[in-house]
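Trainee: Following the hints, put chain B in place on chain A, whose structure we already have.
Protein sequence lines, in the order shown, are assigned to chains A and B.
First residue of the first sequence? That's 470 in my numbering, and the numbers climb one at a time after it.
First residue of the second sequence? That's 47 in my numbering, and the numbers climb one at a time after it.
Since the hints were derived computationally from the structure, they do not count as laboratory data.
Worth double-checking, as some hints may not be accurate.
[Unchecked claim] A short, non-exhaustive set of chain A residues, derived as facing chain B with CB atoms under 7 Å:
(1) Pro530
(2) Thr531
(3) Ala550
(4) Trp559
The beta-carbon is built from N, C-alpha and C at its ideal position, and this holds for glycine as well.
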Amino acid sequence: MVSVITDSLRAAIGKDSKPRTHLVEAGAIRRFAAAIGDPNPIYHDDHVADNSSYAGIVAPPTFLRLFRPSPAIPEFPNPYANVLDGGSQWEYFDQVRAGDRITVTIRLIDLYEREGSLGNMLFAVRENRFVNQANILVAVDRDTEIYYQGLANV
Amino acid sequence: MCNDTLTGQLYDEDVQVGMTIPTLEKRPDLQQLVMYASASEDYHEIHYDQDFARKQGFPKPIVQGALKSGFLAQLITDWVGDGGRLWKLEIQYRKPDFHGEPMYCMGKVISKYVDGDHYLVECDVWIENSSGEKTVFGTAIVGIPPKTS
Numbered sequence: 470m471v472s473v474i475t476d477s478l479r480a481a482i483g484k485d486s487k488p489r490t491h492l493v494e495a496g497a498i499r500r501f502a503a504a505i506g507d508p509n510p511i512y513h514d515d516h517v518a519d520n521s522s523y524a525g526i527v528a529p530p531t532f533l534r535l536f537r538p539s540p541a542i543p544e545f546p547n548p549y550a551n552v553l554d555g556g557s558q559w560e561y562f563d564q565v566r567a568g569d570r571i572t573v574t575i576r577l578i579d580l581y582e583r584e585g586s587l588g589n590m591l592f593a594v595r596e597n598r599f600v601n602q603a604n605i606l607v608a609v610d611r612d613t614e615i616y617y618q619g620l621a622n623v
Numbered sequence: 047m048c049n050d051t052l053t054g055q056l057y058d059e060d061v062q063v064g065m066t067i068p069t070l071e072k073r074p075d076l077q078q079l080v081m082y083a084s085a086s087e088d089y090h091e092i093h094y095d096q097d098f099a100r101k102q103g104f105p106k107p108i109v110q111g112a113l114k115s116g117f118l119a120q121l122i123t124d125w126v127g128d129g130g131r132l133w134k135l136e137i138q139y140r141k142p143d144f145h146g147e148p149m150y151c152m153g154k155v156i157s158k159y160v161d162g163d164h165y166l167v168e169c170d171v172w173i174e175n176s177s178g179e180k181t182v183f184g185t186a187i188v189g190i191p192p193k194t195s
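With the rest of the complex left out, here is chain A (with noise of 0.2 Å):
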């Protein structure tokens, strides 16, 4: 198997993005909780939502997944066309809430290859960062993409 991690695929490693900022906005909330088919009220009744131990509308957990830094993934020179998400390793250390603004940074961590039923596989391993407006680490997200060439091509 000949590598394509090549040396500026390399020097893509533990380089940070420019930050972004988003508002959590309430009906974003509310519709990410729809799409999952979450009905748990404290994504979106205030009433409920005041009452409980959160004491107001927080995101769902996968919610920051909608937050993305500019550009949503950092200049890499991907040698293959095709793309899957492999997953996600999510620590919380505070609730997020609506009307909280979010600063969002990606930094590539990892790059590995594998040889698998989709031929040569890239991995590639970000790293992304969320702060809040209290300057609060609020998560930190690990997302694991496989790069790889498609069946056509196997």
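Mentor: Chain B in isolation, oriented as in the chain A frame:
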């Protein structure tokens, strides 16, 4: 943090290693995948375009990985109730799931420990398809309050 007025609140004393989490069944249709594409602002065609999915070697559009993570997060938050908190959720997508097909979101307690003031429970979580294949693997760490606090 404990709220006895909420029915069904889970307490640390109720949780034993090896116990299973009540299964959450999902069967997302194509409309739900489109709703999730919009809600997450990720419009990859593989999640709603039949022809695109076929060209990629799939029989029909596949369920978003992030939506599967959302299902497993709901599995946990439904289980732990108002007083519980999700602290970590690690998910790996192993096989595609397809719209219109049942997905069984499941979990099992694998350890319990105390860290400072936090009563923590580690769980395996996964999704099985209608053939009983595990399509998603993961672990979750949750805080569950003790009755006695």
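Trainee: The structure should be examined with respect to each hint, and the outcome stated for every one.
Mentor: The hints, checked one at a time:
no. : hint   : in the structure
1   : Pro530 : 4 Å, holds
2   : Thr531 : 5 Å, holds
3   : Ala550 : 10 Å, violated
4   : Trp559 : 4 Å, holds
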